[in-house]
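Chain A is fixed; fit chain B onto it per the hints.
So the sequences go chain by chain: A and B.
Adding 241 to a residue's 1-based position in the first sequence gives its number in the numbering used here.
Adding 1 to a residue's 1-based position in the second sequence gives its number in the numbering used here.
Keep in mind that the hints were calculated from the coordinates and are not lab data.
Glycine residues also receive a C-beta, built at the ideal position from the N, C-alpha and C atoms.
Treat the hints with care, since some could be wrong.
A few chain A residues that face chain B, going by a derived Cβ cut-off under 8 Å, partial list only [what the hints assert, rightly or not]:
id	residue
1	A286
2	N313
3	A333
4	N334
5	D335
6	I336
7	S337
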Amino acid sequence: MSSIEREDAGQIIIEFEGQPVTAQEGDTVAAALLRAGYWTFRMTAVNGRARGPFCMMGVCFDCLVEIDGLANCQACMTDVQAGMRIKRQQGANDISHGAAP
Amino acid sequence: MSTNYDAIVVGGGLVGSAIAYGLQRQGLSTIILDEGDIAYRAARGNFGLVWVQSKGIDFPPYAQWTWQSAESWSELNAEINAITGEDIGYRRPGGAEICINAEEFEAKRENMLRLSSHARHFKFEMLDRKAMADLVPGLGPDVAGGCYSPADGHANPLLLLRGLHQCLLAKGGRIDNGAMVTAIQRRGEAFAVATAKAEYQGARLVLAAGLGTPGLAAMIGMNVPVRPQRGQIMVTERVKPFLSLPLSRVRQTVEGGVQLGDSKEEVGFNEGTTSSVMNRIANRAVKMFPHLRRANVVRAWGALRVMSPDGYPIYARSERHPGAFAAVCHSGVTLAAAHVLHLAGYIAEGALPETLAPMSERRFNNV
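Isolated chain A (complex conformation):
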């Protein structure tokens, strides 16, 4: 994980809430989104409050996002890949709808 500009790192494009975001190869999703200025990653399951990354090491579960249709992914534990489509996690995962498992 790094949010520091690295001269040797290649740039890739990911998507957050429909907007293109430039990320560096080797970034985590959380690092890339924070560097792009996004702070709100999810709305809580209990009362819909805004949350964002807190621990950046996989334990706080506050950086949850939906990645390529998969709900509740930890942004700080997931490396960016070109073309990833990321959305805010809106409340609890609705497992009874959506594509067949």
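Here is chain B on its own, set in the frame of chain A:
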């Protein structure tokens, strides 16, 4: 120098806390001596069912006692809520056991007929796949059906435990944590109970220390045989509510997490988890509800049930030392209401009723 109480309860889990609060609300000054987190904490691993439909199928006294507790649960819940202001998650929408094949369905039907032959108040319905799917949407295509009983319910076991502690303290009782009991002696009409740091004296002594009970009971010549039986549970992330009633192996909590159980393993004092058992639990859960495949599992744990040789509770009163009792069982959530509202009263009076005699430890002395 010892501190005096009317009653000393050894064990601060669901059984000990329920009895201690029950004694305190009867007006007996009561203290819980709790070993601390080195103890095998069955109360911390509970699945949270208030469950009637599988209990005492071939043992009417246990079926009756379970029923009595389930019927008293709303009273206990209201009392905890009034004292603490907490919602401990108690709901009684009925409950169901899902049978994934015809063989399971037939076995369940036979069990329920046996149970209702002596438990006449017990109501149940065997539902085919379609009727069950109306009750619990999302049911998998291969499920055979199952059994619905309006008597069943569920609660949050951790909030129940904390609620019992809070109620005890609110009524003037005490809890001593990290208080491993090192010696118990009869002293005149009372019992002297020693820990590493202090000594307590009480006219009533209740041993309700789960798997620690056999060793404590031996200190005053009582035989209370229990062994550990492991159960593994997994819990998913919070998902949108899809399950309006608890099932025997799948329970969605008020907060949205889905608990998946369970196993019955004879592995001694090993509280761990194994991938093979979790795999089996997950496979069965996905067979019941295919969309659970999309839910992430966030935690898994093993905990040790407190099992007597025949699986039923042990409620013992010492013949040699009047005033000394032992109470051990699994299903501490289901039986919590009976322990607070009924058992504690019997212990306060100093004698257990005939209805509990079949669950005395004496049944193990004649074999």
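**Study point:** D335/A as an interface hint toward chain B, with CB separation required under 8 Å
**Key:** holds (4 Å)
**Study point:** Interface hint for A333/A, Cβ within 8 Å of any Cβ on chain B
**Key:** holds (5 Å)
**Study point:** Satisfaction of the N313/A interface hint, Cβ to chain B closer than 8 Å
**Key:** N313/A check passes; min Cβ-Cβ to chain B is 5 Å, inside 8 Å.
Point to revise | Interface hint outcome for I336/A [beta carbon to chain B under 8 Å] | key: This interface hint holds because 4 Å falls under the 8 Å limit.
Point to revise | Proposed interface contact between A286/A and chain B, which counts if any beta carbon pair is under 8 Å | key: holds (4 Å)
Review point. Does N334/A pass the interface check with chain B, least Cβ-Cβ distance below 8 Å?
Key: holds (5 Å)
Practice item. Hold the hint about S337/A up to the distance rule: shortest CB distance to chain B must be less than 8 Å. Key: holds (5 Å)
The structure is consistent with each of the numbered hints, conforming to all of them.
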